[in-house]
Amino acid sequence: MIHLTRLGHHDFVLNAELILTVERTPDTVVTLVNGMKYMVEEPVDEVVKRVVAYRRAVHAGPTAGE
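Heads up, the sequence shown is in the working numbering, so the first residue is 1101 and it goes up one at a time.
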């Protein structure tokens, strides 16, 4: 799950596994595999960075103390 901000400063959490595309149109539009679209304040590069960080954390597995 990644934290994003909808236009209008509304924070929400999105399941990164469901992201199909991220487009700049000029706003950033995240499209999910089910066709739902979310316009977010973060630029495309930031969304990609958060998805990559999420996937790294998932594939790294739990760390000591968690």
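Hints may contain errors.
What the hints assert, rightly or not - What follows is a set of in silico ranges between Cβ atoms, one per label pair, in the way DEER data are often shown:
| # | residue 1 | residue 2 | range |
| --- | --- | --- | --- |
| 1 | R1124 | T1163 | 28 to 38 Å |
| 2 | L1107 | G1161 | 16 to 26 Å |
| 3 | N1134 | R1155 | 12 to 22 Å |
| 4 | P1126 | V1152 | 14 to 24 Å |
| 5 | V1158 | T1131 | 29 to 39 Å |
| 6 | T1163 | M1136 | 12 to 22 Å |
| 7 | P1162 | E1123 | 18 to 28 Å |
| 8 | V1113 | G1135 | 24 to 34 Å |
| 9 | H1109 | V1144 | 33 to 43 Å |
| 10 | K1137 | P1162 | 26 to 36 Å |
Simulated from the structure, these hints should not be mistaken for laboratory data.
Here a beta-carbon is modelled for each residue, glycine too, at the ideal position from N, C-alpha and C.
- Message: If I claimed the Cβ atoms of R1124 and T1163 lie 28 to 38 Å apart, would that claim hold in this structure?
- Response: holds, 34 Å
- Task: Just tell me: holds or violated, for the beta carbon distance of T1163 and M1136 against 12 to 22 Å?
- Result: violated, 33 Å
- Task: With 24 to 34 Å as the target window, see if V1113 and G1135 comply at their CB atoms.
- Result: violated, 19 Å
- Mind checking the hinted window 12 to 22 Å against the Cβ distance between N1134 and R1155? holds, 20 Å
- Query: Measuring from beta carbon to beta carbon, are L1107 and G1161 in 16 to 26 Å?
  - Reply: For L1107 and G1161 the Cβ distance comes to about 35 Å; the hint is violated.
- Task: Hint says 33 to 43 Å; check whether the CB-CB distance for H1109 and V1144 agrees.
- Result: violated, 19 Å
- Item | Cβ separation of P1126 and V1152, checked against the hinted range 14 to 24 Å | holds, 23 Å
- Message: Range first: 26 to 36 Å. Now tell me if the beta carbons of K1137 and P1162 are that far apart.
- Response: holds, 33 Å
- Holds or violated: 18 to 28 Å for the Cβ distance of P1162 and E1123? violated, 34 Å
- Please test the hint of 29 to 39 Å on the beta carbon pair from V1158 and T1131. violated, 21 Å
Violated hints, listed in ascending order, are 2, 5, 6, 7, 8, 9; each of the other numbered hints is respected by the structure.
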